[in-house]
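Given these sequences and hints, build the entire structure.
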Amino acid sequence: SQTIHQWPATLVQPVGSPLSLECTVEGTSNPNLYWYRQAAGRGLQLLFYSVGIGQISSEVPQNLSASRPQDRQFILSSKKLLLSDSGFYLCAWMSESYEQYFGPGTRLTVT
Amino acid sequence: AQTVTQSQPEMSVQEAETVTLSCTYDTSENNYYLFWYKQPPSRQMILVIRQEAYKQQNATENRFSVNFQKAAKSFSLKISDSQLGDTAMYFCAFYSNYQLIWGAGTKLIIKP
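In order, the protein sequences belong to chains A and B. Mapped onto my numbering, the consecutive letters of the first sequence carry residue numbers 1 to 111. Mapped onto my numbering, the consecutive letters of the second sequence carry residue numbers 1 to 112.
If you are wondering where the hints come from, they were derived from the structure by calculation, not from laboratory data. Predicted model only: the values in this text are computed from it and were never measured. Where a beta carbon is used, it is the ideal one built from N, C-alpha and C, also for glycine. Every clue listed holds true.
Covered by chain A, according to a simulated footprint, are these stretches of chain B (three or more residues, beta-carbon under 8 Å):
1. 38-45
2. 99-109
Residues of chain B placed beyond 10 Å of chain A at every Cβ, according to the derived structure:
3. Asp26
4. Glu29
5. Ala59
Structure (structure tokens):
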């Protein structure tokens with residue numbers, strides 16, 4: 001069966017510091033992968049998605065970037081965090097029947 | 001632009017009651033896929049139910065069922081015999097061009 005991992009679960013970082021969030025999927029090959037951000041009590045904002053290694057589509061121009069160095073690994077990064085980068089970050093993969101399955105999320109607080 | 005609208009920001013019902021959450025969408029596609037997701041206080045996103053637009057029969061998963069009206073572009077979720085564990089944010093979404101297009105969500109509170 002497929003499993004999706006995200007880490008860390010919680011992160012507190014100062015303004016101006018770098019960021020690296022990692023997501024890995026097990027049990028499937030060449031999945032479409034997604035990064036979302038969610039403010040408290042709000043909906044999902046798609047940040048990036050990837051349909052293959054090295055292929056990244058950006059949905060929102062901002063302070064963040066994404067990379068997919070391996071088939072089942074998706075990384076969200078920033079060189080210098082802003083206060084507005086605080087939020088709940090979710091990684092997901094899409095099945096062949098177009099369902100998305102989500103990791104447990106990372107709660108990021110920028111101070 | 002393709003959009004999903006959930007017109008009920010928040011709802012509350014008594015335990016064991018039936019509740020219906022509304023969702024409308026706008027798309028020019030003829031074949032597509034619709035989903036309802038649940039996000040409890042743990043914030044884990046959980047797939048509740050899936051509907052294929054070319055299927056006329058409404059999808060059902062235990063206490064969860066949908067009322068899919070393709071012509072009206074409506075996709076409501078009915079929860080029967082609601083339980084305290086159903087308290088969550090509920091999101092409606094449809095698949096288009098490698099992505100899921102999401103509604104803003106409905107906060108559902110089940111009262112004991």
